[in-house]
Amino acid sequence: MDDRRLETIIGRLLQAGVLLAAATVLLGGVLYLAGRHADRVNYQAFVAGGPDTRTLDGILRSAAHFESLGIIQLGLLILIATPVARVGLAIAGFALERDRLYTVVSAIVLLILLASLLHAT
Amino acid sequence: MTALEFTLVVWALSALAGFLGALTGLGGGVVVVPALTLALGVDMKYAIGASLVSVIATSSGAAAAYVREGFSNIRIGMFLEIATTIGAVLGAFLASRFSTHALAIVFGLILLQAAYMSFKGMPENAERVASDALATRLRLGGAFPVAGSPQTYGVRNVPAGFAMMFGAGALSGLLGIGSGAVKVIAMDRVMRIPFKVSTTTSNFMIGVTAAASAGLYLKHGYINPQVAMPVMLGVLAGALLGARLLVHMRVKTLRMIFGAVILALAIEMIVNGITGKV
Numbered sequence: 001m002d003d004r005r006l007e008t009i010i011g012r013l014l015q016a017g018v019l020l021a022a023a024t025v026l027l028g029g030v031l032y033l034a035g036r037h038a039d040r041v042n043y044q045a046f047v048a049g050g051p052d053t054r055t056l057d058g059i060l061r062s063a064a065h066f067e068s069l070g071i072i073q074l075g076l077l078i079l080i081a082t083p084v085a086r087v088g089l090a091i092a093g094f095a096l097e098r099d100r101l102y103t104v105v106s107a108i109v110l111l112i113l114l115a116s117l118l119h120a121t
Numbered sequence: 001m002t003a004l005e006f007t008l009v010v011w012a013l014s015a016l017a018g019f020l021g022a023l024t025g026l027g028g029g030v031v032v033v034p035a036l037t038l039a040l041g042v043d044m045k046y047a048i049g050a051s052l053v054s055v056i057a058t059s060s061g062a063a064a065a066y067v068r069e070g071f072s073n074i075r076i077g078m079f080l081e082i083a084t085t086i087g088a089v090l091g092a093f094l095a096s097r098f099s100t101h102a103l104a105i106v107f108g109l110i111l112l113q114a115a116y117m118s119f120k121g122m123p124e125n126a127e128r129v130a131s132d133a134l135a136t137r138l139r140l141g142g143a144f145p146v147a148g149s150p151q152t153y154g155v156r157n158v159p160a161g162f163a164m165m166f167g168a169g170a171l172s173g174l175l176g177i178g179s180g181a182v183k184v185i186a187m188d189r190v191m192r193i194p195f196k197v198s199t200t201t202s203n204f205m206i207g208v209t210a211a212a213s214a215g216l217y218l219k220h221g222y223i224n225p226q227v228a229m230p231v232m233l234g235v236l237a238g239a240l241l242g243a244r245l246l247v248h249m250r251v252k253t254l255r256m257i258f259g260a261v262i263l264a265l266a267i268e269m270i271v272n273g274i275t276g277k278v
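Quick mapping for you: the protein sequence lines, in order, are chains A and B. Be aware that the first sequence starts at 1, since it is given in this note's numbering, and climbs by one per residue. Be aware that the second sequence starts at 1, since it is given in this note's numbering, and climbs by one per residue.
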């Protein structure tokens with residue numbers, strides 16, 4: 001396994017992840033508009049919103065109940081996961097190449113990503 | 001505005017931003033944020049949250065195409081991501097401390113720089129150098145295809161490039177943009193990495209950098225589903241179309257028009273930030 005082959009595999013997986021995320025967001029969007037297309041909307045004043053759209057638990061629960069906004073957020077979570085997966089796969093690839101330095105470098109990046117995501121949600 | 005009208009207008013604006021961003025290499029984020037805040041009066045925090053997720057979509061979506069070309073350097077990208085991700089966490093933290101007016105002014109300044117780059121074109125560094133001691137130890141050098149045969153390149157000034165990447169990450173987290181232009185300058189100008197390698201590696205890094213601030217954005221409620229949904233779908237569609245057409249189009253004229261638009265947006269953003277309208 002060389003760098004090029006590794007990157008090709010990672011690239012394909014990422015593309016699949018983005019398509020899955022976009023399809024999920026689209027599904028949520030269609031459901032949202034089907035029910036509430038005539039609502040008056042205004043996003044001029046910032047309101048943080050409830051846990052259903054802000055925390056991992058809340059989003060998963062909301063999406064499991066097939067609520068449109070929860071499904072959109074689930075799609076966005078899948079999207080946010082794609083670069084994280086990319087780093088994870090790079091660690092595996094460098095480990096297979098027995099490249100200790102870059103296995104460690106990739107692991108540091110993954111740790112920063114996971115720490116920030118888990119700390120926040 | 002009804003929810004349906006808002007969704008369609010935002011989708012169309014985002015598709016245009018993604019399209020122009022891909023053609024000019026500046027990314028969709030720099031246009032989508034001012035378009036949402038200035039044209040539709042959307043709060044800056046919703047706009048940067050939606051922009052951040054669209055940045056991840058274009059970065060991950062284009063990865064396969066860039067890898068096929070054989071330019072991106074995964075080692076350089078991964079090493080510098082240590083700096084961009086830490087910077088991004090700091091930037092996202094600062095975003096929650098800054099007032100909307102301050103964010104608008106900083107954003108306007110970044111737009112001024114983007115307009116300048118758009119008029120001038122990215123300065124390309126054609127001269128190749130050998131790696132210095134640190135870059136050799138980190139095995140950052142590589143090879144890229146020139147007219148079918150591989151040409152090797154070296155890397156220099158790793159600490160300076162690393163520091164600039166920290167700044168690029170902080171800007172990305174603060175403003176919800178990819179800050180690809182700063183990343184390319186750090187690699188091409190400072191670290192002497194070939195331009196093509198710099199741009200494709202920058203694209204690879206943008207998604208990982210943005211993911212580092214995504215958690216804080218989500219927690220603070222910047223990622224609003226009703227706003228992010230049409231932005232993400234629009235920017236992605238526009239960017240994919242733009243990348244397809246890139247080879248067939250005369251980009252220079254387009255870049256001038258784009259530069260003029262960004263310059264106008266920059267001035268409006270700064271003025272609105274100072275007068276407190278945004």
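Among the hints, erroneous ones may be present.
[Stated by the list, open to error] Computed cross-link-like contacts, SDA-like style, restricted to lysine to any residue with a CA-CA straight-line distance of at most 20 angstroms:
1) B:Lys196 - B:Arg137
2) B:Lys219 - A:Ala92
3) B:Lys219 - A:Asp52
4) B:Lys277 - A:Val47
It is worth saying that the hints were derived from the structure and are not from the lab.
Now for the hints, and whether the structure bears them out:
The hinted pair formed by B:Lys196 and B:Arg137 fails the criterion: a straight-line CA distance of about 23 angstroms is larger than 20 angstroms. A distance of roughly 30 angstroms separates the Cα atoms of B:Lys219 and A:Ala92; the hinted pair therefore is violated under the 20 angstroms criterion. For the given pair, B:Lys219 sits about 11 angstroms from A:Asp52 by alpha-carbon distance, which is consistent with the 20 angstroms threshold. Only pairs whose Cα atoms come within 20 angstroms are accepted, and B:Lys277 paired with A:Val47 is accepted, the gap being roughly 18 angstroms.
In this structure, the hints that do not hold are numbers 1 and 2, in rising order.
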